[in-house]
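Letter by letter, the chains look like this.
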Amino acid sequence: MAEKKATREAYGAALVDLGATHDFVVLDADLAAATKTGMFKKKFPDRFFNCGIAEGNMISVAAGIAAAGKRVFASSFAMFAAGRAFEQVRNSIGYPHLNVKIGATHAGITVGEDGATHQCNEDMALMRSIPGMTVICPADATEAYAAVAAALDTDGPMYLRFSRYAVPDLNAEDPSYHFEIGRGILRRDGHDVTVIAVGNMVGMALEAAEALAAEGISARVINMHTVKPIDREIILRAARETGAIVTAEEHSIIGGLGAAVCEVTSEECPVPVLRVGVEDVFGRSGDVPTLMKAYGLTAEHIVERAKQAMEKKTSCR
Amino acid sequence: MMTPSRVLELKKQANDIRIGIIEGVYNAACGHPGGSLSIADIVTYLYFEHMNVDPAHPKMDERDRFVLSKGHTAPALYAALAHRGFFPVEELKTLRKFSSRLQGHPDMKNIPGVDMSTGSLGLGISAACGMALVGKLDGKPYRVYTVLGDGESEEGQVWEAAMFAAHYKLDNLCAVLDFNGLQIDGKITDVMNPTPHDEKFRAFGWHVITIDAHDFDAIDAAFREAQTVKGKPTLILAKSVKGKGVSYMENNCDWHGKAPKGDEYTVAMNDLRAIGAALEKEEV
Numbered sequence: 001m002a003e004k005k006a007t008r009e010a011y012g013a014a015l016v017d018l019g020a021t022h023d024f025v026v027l028d029a030d031l032a033a034a035t036k037t038g039m040f041k042k043k044f045p046d047r048f049f050n051c052g053i054a055e056g057n058m059i060s061v062a063a064g065i066a067a068a069g070k071r072v073f074a075s076s077f078a079m080f081a082a083g084r085a086f087e088q089v090r091n092s093i094g095y096p097h098l099n100v101k102i103g104a105t106h107a108g109i110t111v112g113e114d115g116a117t118h119q120c121n122e123d124m125a126l127m128r129s130i131p132g133m134t135v136i137c138p139a140d141a142t143e144a145y146a147a148v149a150a151a152l153d154t155d156g157p158m159y160l161r162f163s164r165y166a167v168p169d170l171n172a173e174d175p176s177y178h179f180e181i182g183r184g185i186l187r188r189d190g191h192d193v194t195v196i197a198v199g200n201m202v203g204m205a206l207e208a209a210e211a212l213a214a215e216g217i218s219a220r221v222i223n224m225h226t227v228k229p230i231d232r233e234i235i236l237r238a239a240r241e242t243g244a245i246v247t248a249e250e251h252s253i254i255g256g257l258g259a260a261v262c263e264v265t266s267e268e269c270p271v272p273v274l275r276v277g278v279e280d281v282f283g284r285s286g287d288v289p290t291l292m293k294a295y296g297l298t299a300e301h302i303v304e305r306a307k308q309a310m311e312k313k314t315s316c317r
Numbered sequence: 001m002m003t004p005s006r007v008l009e010l011k012k013q014a015n016d017i018r019i020g021i022i023e024g025v026y027n028a029a030c031g032h033p034g035g036s037l038s039i040a041d042i043v044t045y046l047y048f049e050h051m052n053v054d055p056a057h058p059k060m061d062e063r064d065r066f067v068l069s070k071g072h073t074a075p076a077l078y079a080a081l082a083h084r085g086f087f088p089v090e091e092l093k094t095l096r097k098f099s100s101r102l103q104g105h106p107d108m109k110n111i112p113g114v115d116m117s118t119g120s121l122g123l124g125i126s127a128a129c130g131m132a133l134v135g136k137l138d139g140k141p142y143r144v145y146t147v148l149g150d151g152e153s154e155e156g157q158v159w160e161a162a163m164f165a166a167h168y169k170l171d172n173l174c175a176v177l178d179f180n181g182l183q184i185d186g187k188i189t190d191v192m193n194p195t196p197h198d199e200k201f202r203a204f205g206w207h208v209i210t211i212d213a214h215d216f217d218a219i220d221a222a223f224r225e226a227q228t229v230k231g232k233p234t235l236i237l238a239k240s241v242k243g244k245g246v247s248y249m250e251n252n253c254d255w256h257g258k259a260p261k262g263d264e265y266t267v268a269m270n271d272l273r274a275i276g277a278a279l280e281k282e283e284v
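Which chain is which? The protein sequence lines are A and B, in order. For the first sequence, the working numbering begins at 1 and goes up steadily by one. For the second sequence, the working numbering begins at 1 and goes up steadily by one.
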């Protein structure tokens with residue numbers, strides 16, 4: 001079993017490592033200890049600016065920093081970075097297409113005990129709707145680190161979605177692992193059904209594929225770390241070659257990865273796409289394993305939905 | 001101190017900018033003349049006397065920055081930029097048209113000389129803080145100017161930014177609050193009283209200077225004083241007349257977001273041409 005680590009930890013570590021060789025600043029809104037930007041603050045205090053509990057101001061300040069020609073990461077919880085400050089992200093960063101990287105942690109239901117007010121299941125939907133915004137949600141610590149490095153080297157507004165919850169570092173021991181923004185990763189080949197997963201659900205998708213294999217079902221698994229711009233090619237190949245898709249995300253089934261995949265398949269190659277994610281409901285307090293089970297974010301649920309998707313196959317192939 | 005002849009030149013320039021504002025909103029058949037006219041003298045002073053900008057190099061690194069936080073008064077900014085040489089004055093007549101780059105609110109991506117896209121109130125002052133922060137961090141000599149509306153100060157983000165600017169000692173930041181006393185729905189003190197701005201900004205850690213927004217000597221003195229203040233940002237509380245220069249628009253909130261048409265346009269242009277003619281006759 002791979003070592004467990006939260007993607008927010010890798011975010012902090014990447015900022016520290018990259019800070020030694022790259023000129024950028026980091027902003028936070030009184031959550032530096034939790035978002036892990038505190039690691040950067042400790043190493044580079046002159047390039048870290050706490051904005052206090054004022055996320056809207058922080059996002060517009062970040063826009064001004066970028067407009068003055070400096071690279072900048074702005075961090076808070078997903079709820080506040082994408083939710084509270086949505087309009088600032090849209091108008092201050094998105095509309096002028098400024099080079100601001102938003103590092104949003106504590107995304108999704110795995111915030112756990114803090115409950116619904118802090119469990120942001122809508123951030124990818126919100127960020128995806130802004131023209132020109134890149135939206136990335138890494139599957140594990142290795143990918144999170146790679147995503148931060150890639151973000152720093154890529155011009156333009158970007159939303160990076162990290163998790164509080166420790167998950168297995170799936171890619172840690174893979175020497176061939178390669179991260180490219182906008183390019184989905186084929187994690188396991190298969191021909192009966194495809195599971196397209198993002199973030200914490202990639203590990204679950206691989207577990208589900210194992211379980212399906214035991215029942216004689218060959219499931220393809222794709223890690224879609226970039227939700228926007230989405231890798232249309234890998235989706236359409238999966239649609240044509242496997243004829244049925246299940247999406248899995250720790251996010252609302254409305255507007256996130258599931259919606260993005262449906263947008264591609266419905267226009268180009270209509271096949272059944274069944275979405276695993278948080279249904280149209282708010283979360284609640286609880287420990288993470290219990291919450292994941294209660295909201296259907298499990299390998300077992302992916303298996304069930306995969307079988308349903310196969311039953312719905314059309315003649316698209 | 002500016003010489004009397006320089007002040008007279010700026011008055012004439014400001015009047016041309018007011019004519020540009022009216023031409024813009026008249027041809028657009030919409031837009032915001034009232035608050036554009038109230039900031040015309042300040043914007044004229046900044047672009048024609050004070051700021052280090054170069055129309056031939058609108059993105060030069062060491063330029064002073066200007067953020068129009070009250071972005072709906074873009075007609076004033078556009079008129080100043082055009083007269084300063086950033087783009088042709090004739091283009092002002094394309095304001096808000098589909099094929100024009102002169103968007104209803106400032107667009108930094110496509111309009112030469114616009115340093116920040118603004119329009120949603122409260123956001124511009126924060127962006128100005130970000131620019132000033134970089135100036136401090138990298139030891140760059142540029143200064144950052146931003147113009148806020150008095151109604152805009154009802155936005156909570158203005159005060160978040162005010163806290164930020166004082167906390168990080170952004171003495172290279174100078175904000176102007178265009179205090180014309182009116183917002184769309186009426187008097188600011190009736191709609192949602194944000195006063196007293198001087199005491200509030202002082203309490204937030206700013207240096208505050210109160211002036212008559214239409215007195216170039218006072219404007220000049222205030223911006224020069226702001227340059228000498230160390231360790232804190234400056235707010236220039238500029239008491240202005242909404243609709244300044246057009247008789248029937250002055251102190252009338254009906255002209256916040258409405259364009260003159262037909263005879264109204266003729267009267268407005270006659271008012272401004274008369275001011276211009278009087279200035280031509282003025283002797284120093």
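The set of hints was computed from the structure by calculation and includes no laboratory data. Here a beta-carbon is modelled for each residue, glycine too, at the ideal position from N, C-alpha and C. Worth double-checking, as some hints may not be accurate.
The following label-pair restraints were derived from C-beta to C-beta distances [stated by the list, open to error]: (1) B/Thr195 with A/Asp23: 24 to 32 Å; (2) A/Lys43 with B/Asp254: 54 to 62 Å; (3) A/Ser176 with B/His57: 19 to 27 Å; (4) A/Glu87 with B/Phe98: 21 to 29 Å; (5) A/Asp46 with B/Lys12: 57 to 65 Å.
Chain A stretches covered by chain B per the calculated footprint, using a threshold of three residues with CB under 8 Å from any CB of chain B [to be verified]: (6) 42–54; (7) 95–106; (8) 156–168.
Against the structure, the hints:
| no. | hint | verdict |
| --- | --- | --- |
| 1 | B/Thr195 with A/Asp23: 24 to 32 Å | violated (42 Å) |
| 2 | A/Lys43 with B/Asp254: 54 to 62 Å | holds (57 Å) |
| 3 | A/Ser176 with B/His57: 19 to 27 Å | violated (47 Å) |
| 4 | A/Glu87 with B/Phe98: 21 to 29 Å | holds (25 Å) |
| 5 | A/Asp46 with B/Lys12: 57 to 65 Å | violated (47 Å) |
| 6 | 42–54 | holds (count 6) |
| 7 | 95–106 | holds (count 3) |
| 8 | 156–168 | violated (count 0) |
Against the hints set out earlier in the document, violations occur for numbers 1, 3, 5, 8.
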